[in-house]
Amino acid sequence: MKYMLILFTLVFTENYVLVQFLGICPFLGVSQKFSSCVGMSGAVIFVMTLASAVTWGIFQALMIPLHLEFMRTIIFILVIAALVQLVEIVLKKYMPPLYKALGVYLPLITTNCAVLAVTILNIDNSYGFLESCMSGFSAGLGFSLALILFCGVRKSLERAHPPKCFEGLPISLVAAAFTSMTFMGFTGMAENMFG
Amino acid sequence: MKDKLKILLNGMFKENPVLILALGCCSVLAVSVSVSGGFGMGVALTFVLVCSNVVISLLRNIIPSKVRIPCYIVVIATFVTLVEMLMEAYLKSLYDSLGVFLSLIVVNCIVLGRAEMFASKHSVADSFFDGLGMGIGYTMVIVGMSAVRELFGSGTLLGFRIIPEGYQLGILTQAPGGFFLFGCAMAILVAAMAKRGKKFEPKMGCDGNCAACHSSCDDRKEAEAK
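These protein sequences, in sequence, are chains A and B.
Numbers 1 to 195, taken from this note's numbering, label the letters of the first sequence in order.
Numbers 1001 to 1226, taken from this note's numbering, label the letters of the second sequence in order.
There are no misleading hints in this set.
To be clear about the criterion: a stretch of chain B counts as covered by chain A if any three or more of its residues have a C-beta under 8 angstroms from a C-beta of chain A, and this derived list gives those stretches:
no.	segment
1	1025-1039
2	1074-1087
3	1104-1114
4	1165-1176
5	1180-1193
It is worth saying that the hints were derived from the structure and are not from the lab.
If you're wondering where the values come from, they're calculated on a predicted model, not measured in any experiment.
All C-beta atoms, glycine included, are put in the ideal place defined by N, C-alpha and C.
Please take these sequences and the hints and turn them into a complete structure.
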């Protein structure tokens, strides 16, 4: 039940992009083409889950015994950067098809604030190992949901004729406001179902 | 002196990092619910930006270009940790209200972007003024947005009640209000510039890729070309 609560909370009620404003840059930047949305989503889910697992391990096994908790930010961002590089190398060598699909998006992920945020929030919420992995996976899933939904919204925006000054990014932001409003409808759902 | 002033004003207006370059939107949207929080975030980011610009500019001839991004990240993360510790010790309530977004200055596109685009190529003094200008530009936008959201969303300004209870637009303090207001602010800027005869098309800074705008984009174009 605990895991289902994390899943539903992070995908719907506390969606990283649309409710918590994490990872807005890729959300607005990559959501123009459907294929790139799917590639980016896959890469984000993968890296977020892995990063949650690895940073949890490093925090528990190294940083707590050595009293290095205050270095959290600096260590986590380096771990994520190294991890992304490593994943890229491994995928390139052993899973070329997957690398072909995700590879282009991997370098963009290091500085995706949603990835760093999920690792920090896991520690702040004092999650256990499986909970951390679950929260990384769910946050990635929530990110993907928002990205893919918004990609569809953007497709319709292309055919719309907003006032001249709203063309381009401004109207996309207004559309994001409405997409985010739909997610407000989920408020309280997760707690009532699994709480 | 004149060129330093020009660099400073460039960051504040001509290349305003948030509204014109569309960088670092996450924290602007998330933190701008109260003026005090917005101002605190602005000051924290300005501090990190100025310090990291100066240090990176000092080290620009030492850092090998292949590993420059991790080096920049280490420098930036050091200053962010410094700000976090100072704020936790002396301004606990602000620290709690900014939450995770304080740590996220590390991956803020503005800081990394300026390191890559400006500090790694210019002198220490120029980088200092660039960081200061960009920081002030960011602070102006975030405080402006916070003022509108706090005034109409919660009916207060810096904690003092201005609009009586029951007449607020609560949605402005929530996520949709942030997106909407940011879109409108950008549209107003476009309209204002069109009136003065300048064309301006807001675009995401380099397809939403924050760090190393140039390098990663080139990598991507290469990969896509293959």
